[in-house]
Amino acid sequence: MEFKGRTWKFGADVDTDAIIPARYLNTTDPAELAAHCMEDADPDFPNKVKSGDIIIAEKNFGCGSSREHAPICIKAAGVSCVIAKSFARIFYRNSFNIGLPILESPEAVDGIDEGDEVRVDVDNGIIYNLTKGTSFKSTAIPPFMQELIDAGGLINFVRRRLNS
Amino acid sequence: MGMTITEKILAAHAGKASVAPGELINCKLDVVLGNDITAPVAIKEFEKIGVPEVYDKEKVVLVPDHFTPNKDIKSAEQAKILRDFAKKQGLTNYFEVGKMGIEHCLLPEQGIVLPGDCIIGADSHTCTYGALGAFSTGVGSTDMAAAMASGEVWFKVPESIKFVYNGEQLNEWVSGKDLILYTIGDIGVDGALYEAMEFTGPAIRNLSMDGRFSMANMAIEAGGKNGIIEADQTTIDYVEARAKRPYKVYKSDEDAKYERVIEYDVADIEPQVAFPHLPENTKGISEVGTVEIDQSVIGSCTNGRIEDLRIAAKVLKGHEVHPDVRLVVFPGTQQIYKQAMLEGLFEVFVDAGAAISTPTCGPCLGGHMGILAKGERAIATTNRNFVGRMGSPESEVYLSNPAVAAASAILGRIASPEEVE
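Heads up: the sequence lines are chains A and B, in that order.
Heads up: the first sequence begins at 0 in numbering that gives the first Met the number 0, then just goes up one per residue.
Heads up: the second sequence begins at 0 in numbering that gives the first Met the number 0, then just goes up one per residue.
None of these hints come from the bench; they were simulated from the model.
What you are looking at is a predicted structure, and each value in this text was computed from that prediction instead of being measured.
All clues given are correct.
Below 30 Å or equal to it, Euclidean Cα-Cα: the simulated DSS-like pairs (lysine-lysine) are:
1. B:373 <-> A:8
2. A:136 <-> A:3
3. B:15 <-> B:243
4. B:155 <-> A:136
5. A:84 <-> B:155
6. A:49 <-> B:73
7. B:43 <-> A:49
8. B:73 <-> A:47
9. A:84 <-> B:282
10. B:98 <-> B:70
11. B:27 <-> B:47
12. B:373 <-> A:47
13. B:161 <-> A:84
14. A:84 <-> B:256
Pulled from the structure, derived: some chain A residues nowhere near chain B, Cβ distances all over 10 Å:
15. 8
16. 52
17. 106
Negatives, chain A to chain B, calculated, CB over 12 Å:
18. 0
19. 4
20. 5
21. 30
22. 33
23. 46
24. 50
25. 109
26. 110
27. 114
28. 120
29. 122
30. 124
31. 125
32. 127
33. 135
We treat Cβ as the ideally placed atom computed from N, Cα and C, and that holds for glycine.
Start from the sequences and build out the full structure, keeping to the hints where you can.
Have a look at this one:
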């Protein structure tokens with residue numbers, strides 16, 4: 000899996016209320032949710048973001064509520080992956096479960112400025128900053144999480160197990 | 000080698016003699032919980048799995064508590080998805096408006112969650128039940144869907160941090176809420192990321208069940224996977240009359256291994272207030288300065304229990320809410336609502352000029368029943384003060400215990416109950 004896109008940078012402790020405010024949680028429609036993606040962190044983000052763009056964030060991205068609407072709206076907004084120094088636990092699980100690629104790499108976050116063009120080699124965990132000509136390793140995806148990805152997400156994984 | 004209480008409960012539910020931090024395990028679940036925000040997504044995913052029925056009609060619990068009583072048409076559609084699913088599946092533990100309560104007040108009260116249980120809920124504050132000596136953690140909707148079908152979930156066994164709270168007696172007006180805010184203020188909003196937070200020490204042993212629920216409830220606010228307190232006589236007294244099935248009390252071994260041990264002397268701490276926009280921005284009440292407020296909210300899964308309402312009423316009795324402040328009180332469940340009514344607490348609230356709401360998560364997450372306008376400021380006994388949490392992205396939320404929220408409502412600014420005479 001490989002992505003190339005331009006980057007949007009966010010600070011530390013971006014919570015899921017900032018990613019998708021609860022006032023929009025009376026729907027589960029990904030497109031409707033995407034129209035408000037990151038709205039309370041950057042009100043213009045839903046208008047600025049383009050398909051393939053990459054979110055870069057400091058530590059503890061996705062803290063707070065367990066709402067799966069958060070990774071769902073990021074994915075539906077066209078964001079190809081999120082790179083952060085660290086992720087909150089439930090957001091991390093949810094992203095794998097719904098198939099939003101996320102990578103942990105403190106070095107990459109420090110080495111990428113907003114607007115930089117970045118290529119991400121997810122399988123090998125390498126992040127290339129094409130604008131600056133640098134590259135960074137990301138923390139390896141645990142083997143079990145890789146199994147989930149290979150199965151096409153948790154639901155497919157469980158369906159296969161229960162029906163076998 | 001010894002195990003922590005978290006490791007013991009996880010091992011028992013994975014069918015293993017022992018587990019160690021970092022190990023990936025599959026655990027059988029005693030309860031799988033969802034609400035009107037998270038369960039509609041989970042039900043959609045469940046239907047993709049292709050099993051006709053949930054793994055256990057008593058263990059899958061649905062509580063429409065967030066945007067209920069339905070706040071608008073879209074919310075009504077979401078709540079209806081739960082209702083229809085509960086009927087179709089014949090779920091025992093579906094709680095309709097009128098019987099419904101805030102899920103994390105309701106499940107312990109109804110004896111649905113018990114010591115030694117392994118529980119997941121598609122709500123981050125599912126960690127509340129750790130106060131009973133259970134392993135309980137929040138997940139997303141897809142994990143909930145998989146668990147509804149299989150009755151199992153995978154976990155990475157977390158490392159544990161042991162928190163020791165020394166001091167037999169807390170200051171007046173200091174509660175479990177203050178201990179947890181103090182802790183988050185110390186370690187930060189990711190200070191316990193992926194870890195189990197085990198709360199121990201004399202101050203915890205002297206804490207009421209309601210105080211313990213407030214503490215475990217906010218483990219997620221430090222990034223914790225779970226918060227947990229060993230069951231003792233206080234727990235057993237609470238659980239005995241409610242439990243409809245057997246339960247098991249687990250305790251950490253003397254030689255259990257902890258990633259860290261953090262000790263606090265809490266005998267002298269004062270009520271804590273968390274400033275916007277993170278729960279880690281805590282100050283003692285004496286350091287707050289002048290912060291005028293427009294709204295005070297008393298309730299939620301953190302502080303909507305009977306003891307919380309009694310404390311609020313004690314401060315409010317004989318006083319009136321400041322003319323520039325709206326005070327809204329949210330009892331956590333119908334049982335708490337009735338108890339507060341019978342004890343005369345409602346008379347105190349109404350005489351003071353407070354609004355009393357039916358149980359709902361409502362304002363805590365900016366849903367309904369007390370949304371803030373641009374530039375407005377609230378003190379709340381809730382658990383999060385993120386940007387836009389209670390309404391406008393340009394409003395502010397300060398977190399406190401019920402005594403401080405009540406005193407602030409009277410004085411129109413964030414205040415100590417000691418200032419109210």
